[in-house]
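Student: For the protein sequence lines, the chains are D and X, in the order given. So the first sequence is numbered by numbering that gives the first Met the number 0: it starts at 0 and just counts up by one. So the second sequence is numbered by numbering that gives the first Met the number 0: it starts at 0 and just counts up by one.
Be aware that one or more of the hints could be misleading.
[To be verified] Computed cross-link-like contacts, DSSO-like style, restricted to lysine-lysine with a CA-CA straight-line distance of at most 27 Å:
| hint | chain 1 | residue 1 | chain 2 | residue 2 |
| --- | --- | --- | --- | --- |
| 1 | D | Lys270 | X | Lys190 |
| 2 | D | Lys182 | D | Lys62 |
| 3 | X | Lys134 | D | Lys224 |
For the record, the hints were derived by calculation from the structure and aren't laboratory data.
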Amino acid sequence: MILTAVFLLSLSALSFEILLVRVFSISQWNHLSFMVISITLFGFAAGGTFLNIIDTYKKGWEKHLSSFENIHIFTILFTISTIISFIVLNRIPLDYFRLPLEPVQAFYLLTAYLLLALPFFFTGLVMSISYAFMPEKTGFVYFANMAGSASGAIIPVIFLPSIYEGNLIILSALIPLAVIFLKHPDHNQRRIITRRRYFRLICICIIITAGILIVKGGNSFVRVKPSPYKKLSQMLLFPNTRITEVTNSIRGRFENVESPHLRFAPGLSLKYEGLLPDQTATFKDGDNPLFLYQLTSQNDAQFSKFTLPYSGYLLVPHPKHILVIQHGGGSAIPCALASGSDSITIVEQQPQIAKRVQQHYKLPVINQNSRTFLARSDRRYDIIHIENWGTSLPGSAALTQDYFFTIESFTQYFEHLSNNGVFIVSRLLLLPPSDAIRLWATAYESLRSLEIKNPEKHIAVLRNWNSFTMIVSIPPFNDKTVLEDVSRNLNFDIVYLPGISKKNVNRFNVFDAPYHYNEINRLAEAYRLGTEKTYFGNYPMDVFPQTDNHPFPYRFLKWSRLKALYKMTGSRFYSLFMSGEIVVSAVLIEALGISILLLILPFFATLKETRKFYFSHMLYFLAVGSGFMFIELYFIKEYIFVFADPVISLTVVITGLLVFSAFGGYWSQRISAKNFPIAIAALIVILVCMFFIFNPMMHRVIQLNKFLRYPLSLLLLLPPGFLLGLPFPLGMRYILNLPAQRTYAWTINGCASVLASIASAQIALGIGISAIMIFAISAYFLAFIALCFKRI
Amino acid sequence: MKKHLIALLIITVFPSFLMGRVQKDAPKYQQAREKMVLSQIRLRGISDKKVLKAMSEVLRHSFVPEDLASQAYADHPLPIGEGQTISQPYIVALMTERLKLKGPESVLEIGTGSGYQAAVLANVVKEVYTIEIRKNLHTKANQTLHSLGYTNIKTRHADGYFGWPEAAPFDCIMITAAIDHIPPPLLKQLKDGGRLILPLGNPFSYQNLSLVIKQGEDYTVKQITGVLFVPMTGYALDHN
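With the sequences and hints as input, model every part of the structure.
Tutor: Spelled out as structure tokens, the structure:
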């Protein structure tokens with residue numbers, strides 16, 4: 000019965016964790032989902048600490064707490080706390096923006112945090128009890144835990160298209176109650192039968208309440224609403240604006256909006272005097288909208304000839320083939336249509352958006368990751384136009400791993416251009432200059448890698464008051480008249496064009512100084528002199544070009560220049576407060592504090608004679624806990640390159656690793672104490688091999704069609720996943736003797752996992768993704784050393 | 000006889016009913032206003048005499064909700080309902096000054112809100128046209144402006160994006176809500192040499208107070224300063 004409870008609770012807890020990430024993505028921003036990881040593992044670890052304290056006062060607790068009554072009570076408490084904590088989170092007026100201004104917001108945050116940790120606390124409690132109660136069956140407990148978690152990871156994938164996040168949280172919270180309805184052969188005594196009836200009655204009450212919440216609670220209690228600061232919320236404030244269709248999936252919530260007030264045309268010249276065509280929009284998680292124009296004839300797309308990106312189209316007057324790589328926005332398609340080209344290919348990686356674009360424009364839309372598409376295509380294009388405007392909250396995308404703007408991806412784009420081809424990308428203009436400098440440097444490095452002489456002669460940058468367009472041309476810009484004329488006629492400003500003089504910049508969209516012109520020219524000069532590294536080192540923001548190993552194109556923060564940046568952005572705390580890196584750092588500090596508390600608490604609470612937990616034990620479980628998480632995060636980050644979607648990557652990796660680890664755990668029952676170190680050594684060898692071969696393999700895998708890509712990606716997880724399932728249950732069985740030791744090991748494992756998961760984000764941002772694997776190998780090497788010096 | 004009585008009733012009671020809805024001036028408000036003009040506006044560099052005079056004459060406390068009247072002259076914006084705000088006095092003065100108004104101009108304001116900015120403009124120029132998209136705000140501002148006796152302000156409940164074509168062209172246009180682009184119909188309604196001022200940028204973070212000047216066929220956009228127009232949050236979300 001206890002193993003069934005472990006399986007069902009693990010299933011429901013992991014499903015809740017993934018659904019919470021979805022809730023945070025909609026109601027807040029993606030980067031705050033790091034809080035979910037912290038909450039989850041904090042709850043798990045707290046379960047172990049709690050049992051350690053119990054151990055002081057009550058001997059033989061493991062037998063008592065593993066009784067069917069107590070397991071039933073913990074299961075019921077899990078379900079109740081899951082439902083209540085979600086509803087409180089959904090209703091509480093928590094606003095991160097107001098955190099520095101209103102002390103009550105800290106109280107709301109703490110309340111949400113503690114309540115959300117409760118379900119994981121009860122799950123952690125049952126796990127710890129299981130390990131303590133059945134030391135000889137740690138492999139089976141591990142199997143039930145991992146298999147349950149893997150199943151829980153799949154639940155949102157299967158059910159989100161038909162059930163909303165809130166309803167699914169409530170329904171999946173009810174699943175563990177099944178354990179109360181299962182018949183057990185030992186439970187035939189009259190007392191037990193009476194109690195089981197009592198528990199079943201409570202369960203029925205909970206199920207009825209949940210049903211009422213789903214049916215009647217609807218909009219006010221259960222429906223997750225986007226943050227009021229997101230674009231969708233803002234849009235809905237306008238009259239006659241309504242959501243016409245909602246499509247839900249693990250990839251996000253897609254909402255189609257109709258409104259007479261949709262007027263999207265970034266980079267539109269002030270010389271344009273007409274009206275924009277009617278538009279509809281599709282929002283993903285309440286933000287990142289895609290606008291679709293009602294174009295009844297080619298003439299309706301003429302407005303786009305007044306936009307900044309169209310300047311690039313003027314360099315190729317009659318383009319034969321155009322490739323539009325779409326990621327939000329929507330103004331690139333009218334540009335392509337206005338050019339008169341007969342061959343327009345659109346690449347959109349979100350299936351829901353791809354379908355909508357195809358239905359709307361009746362154009363061929365390839366639903367693929369652009370890197371995969373280009374890797375599998377030999378066609379050359381006259382124009383490649385990338386549209387990607389980013390989120391509505393500057394800084395919130397700092398952690399976003401994106402392969403649109405790396406040196407390698409630029410090289411791939413340029414290799415697919417015809418001899419007269421141009422590459423166009425438009426972004427929002429930031430001050431202080433950052434994005435424009437990085438993109439210019441990325442184009443320069445990429446052209447240089449293709450052995451093009453004088454790369455700076457192939458790049459041009461134009462701007463208006465809030466956006467810029469970078470144009471990279473295969474032939475050099477020897478004749479500058481086209482871009483000079485279009486800038487003059489449409490009142491755009493030239494930021495960079497080889498040989499342009501300072502008096503011809505900053506004319507129509509006037510800043511106090513031509514900041515962007517100054518910086519890009521300074522960088523171009525640094526490249527000429529070979530001092531670009533010094534330039535990047537001295538610049539107050541991180542504008543270094545990104546690579547596939549370090550793909551964070553929206554991250555600009557330099558910790559050493561934080562004070563200067565704070566002053567530059569108008570000394571507004573909130574503008575830094577929502578930056579992804581700062582949020583992660585805050586969560587890391589908070590998690591570190593909680594971990595120390597959870598690890599120290601048992602030492603103060605327990606009696607001296609029970610403190611038989613040696614440093615080598617601690618080191619072993621710290622290393623195993625962090626190692627597992629480093630590996631998981633490494634694969635999640637690597638697979639984003641393959642699937643171009645963090646949620647798909649997360650689901651594939653969690654499911655794959657947990658299933659294979661579960662089988663590893665099951666198999667660990669057969670491993671003797673003598674062979675224990677060999678298992679760890681085998682894992683280290685596999686990880687070292689992975690470090691060298693995995694990345695090159697990913698570049699091969701990306702070229703395969705999706706029917707091969709998914710199974711192969713899963714298969715690659717098999718060797719490390721299986722071996723990852725060995726160290727924890729083997730350690731629990733062969734290193735530790737006492738129940739209190741096992742619960743303490745559980746706490747250490749939880750704390751190490753949470754710290755490693757948050758640290759992984761910082762490692763990837765600071766050093767690169769492959770460095771996470773080095774940390775993982777080091778962790779398991781430490782575990783191996785700890786094992787060699789263990790004291791039992 | 001009855002008809003005469005009804006007419007008399009309308010002439011006497013209705014205006015007094017309207018008058019009763021606005022906060023009258025009082026010595027404490029006069030002192031607060033003088034202090035506001037000196038410390039918040041003049042010392043921050045606003046020197047246009049017409050603007051300073053308008054700021055010291057317009058009864059700002061009449062444009063804010065009754066329970067916030069005591070804070071009307073404080074150095075910050077205030078909520079006026081429907082998720083909207085009345086701007087900080089300094090921003091009102093700055094935006095007005097940057098239009099370089101002489102007196103005989105015709106000005107279009109987009110986003111009436113409380114009506115305070117329109118009242119300030121009306122004290123400086125010949126005629127003001129103001130548009131509000133939200134019905135309740137439009138009605139309330141209209142009542143306030145009439146009860147305070149502003150006869151050179153024309154109000155309209157409409158989408159300001161399309162401007163006021165019948166009254167165009169305008170010497171100046173002022174947009175008083177954060178917007179991420181400059182509406183083409185408004186540029187079309189601007190006279191040659193005309194000026195358009197607006198908080199331009201991401202409505203969800205901070206914007207740049209920008210001045211657009213039309214010179215012949217060309218436009219120049221100048222960034223004045225960073226501003227933060229409070230995001231419109233809350234109400235309509237629940238309605239949707």
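Student: Now tell me, hint by hint, if it's right for this structure.
Tutor: Cross-check of the supplied hints:
no.	hint	in the structure
1	Lys270(D) / Lys190(X)	14 Å, holds
2	Lys182(D) / Lys62(D)	20 Å, holds
3	Lys134(X) / Lys224(D)	26 Å, holds
The structure agrees with every numbered hint stated previously.
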